[in-house]
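Asks: Chain by chain, the residues run as shown.
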Amino acid sequence: MLFYFSSSIGFIIAIMLQMGIFSRAVLLAGTADVVLLFLAAWSLHQRQKYSWILVVIFGLIVSAISASPVLLLLIVYLTIFLAAMRLQTGFWQSPLLSMFLLVFFGTFLEHGLYILGLFVQGVSLSIGESFSQILLPSVLLNMLLTIPVHALVQEIFRNLAPMRTEI
Amino acid sequence: MRNLFTSGNIRNFIILLVVAGILLLAVSGYLTPIFSLTLSPLISTQSWLSQRYLAIRDFFTSPRDMASLRERNAQLENEVSQLQSQIVELQENLSQAQILYTLLDFARTNPQHEYTAATVIGREISPYYQYIIIDKGSNQGIMHGMPVVTQQGLVGRVDAVIANASRVQLISDAESVVNVHLQNAKVEGQIVGSITGEITLEMIPQDAEVQIGDVLLTSGLGGNYPPNIFVGQVLSMQSQQNRLFQSGSVQSIVDFSSLSAVLIITNFEAVDITPLVP
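As you go down the protein sequences, you meet chains C and D in turn. When the letters of the first sequence are read in order and numbered with our numbering, they come out as residues 1 to 167. When the letters of the second sequence are read in order and numbered with our numbering, they come out as residues 1 to 278.
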């Protein structure tokens, strides 16, 4: 119960930080996505059976606040969650490497779906401009914030969800 | 009768006379050079002695003074930091008050509308959408579609509302289209946002003469915005022979990156013409 409560509080703090601070810190036209970073780190450290329900709830909350489509956010968040579950078994001894992989490919997936969604909605956009002005700066910012967010989430959830120990 | 002129009396009288003479000379100033010459080394010696004494005394007593000075210094530094934080707080209040005064001034000069002031509390999570979050919602009478302005000009319109907060779509958003007219050229057109926040001017007829710096105002067409709200200025125009319309880039009058307070026009009802669109 404490795990779910702490996760919800952490997620809400991540959303508030994103809206209040990180969305205003723009590099070209890209911004860091602390919510995605938190979700990736949290997914790597959670050990609960029904955590995916939290991911769906998180996605619905963000889509209610954001102008982003619900389906897009749910796809991105659940993909990151499932990838984290897979990485836990494959690279469980190097969670930081898993975190970098998740953030890198997660950011590409998220932005790719954003571009696709806007294209479907009929918005005229330049793929090259999206790539150079938004995607690459966002990836850079996310990679820069990967280590601090991972360290913070690891410290918070170490006691709540202890990591596996080598037998 | 004893003899007054004894050798002892005469000696005493001479001594008295010499002393009186010396005193008389001293009082009258004739002995000043002699005094100076005599006292000068004494004063120098006294000064040297005093300085050495003070130096030695300071040497032995300075640790105690240093401690008290450090304590005093820490106290003063604490006071300075408190005063600095007060200055920062007052400057923030002053800045906020100036913004509110400017908004109030704008509301007074445009009495045809009713306004509700709101503070910007956040921005859209995704960098592909240009939205802001404000701290007024349906409890304060805010409704979907209400135009949002600042003292400078048009900001956007309310896109989603909850009890105590609203989401505002900026005119720089990729899905935003605003009908405008050029004040000087008397030409109608549209401004369209983009994913990077740049605004373009479109649907300008090829024969229209648009100058750089021309002012853009809302036209009111479409029913989404009231007419004659300042939007921005034309930065550049591109005209190609094989295209039906000219296009150009627009410099918005509002700096969206530093928005901190806005006004919502509450007595304007947007017209939804979606059913009429074929």
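Careful, some of the hints might be misleading.
As the list claims (entries may be wrong) - Some chain C residues close to chain D (C-beta under 7 Å, calculated; not the full set):
id	residue
1	M19
2	G30
3	S68
4	P69
5	V123
If you are wondering where the hints come from, they were derived from the structure by calculation, not from laboratory data. We put the beta carbon where it would ideally sit given N, CA and C, even for glycine.
Asks: Indicate, hint by hint, whether the structure satisfies it.
Replies: Comparing the hints with the structure gives:
Taking 7 Å as the C-beta cut-off, the interface hint given for M19/C holds, the closest approach to chain D being about 3 Å. Taking 7 Å as the C-beta cut-off, the interface hint given for G30/C holds, the closest approach to chain D being about 5 Å. Checking S68/C against chain D: minimum C-beta separation of about 5 Å stays under 7 Å; hint holds. The criterion of a C-beta within 7 Å of any C-beta in chain D is not met by P69/C, whose closest approach is roughly 10 Å, and the hint is violated.
Hint status for V123/C: holds, given a least beta-carbon distance of 5 Å to chain D, under 7 Å.
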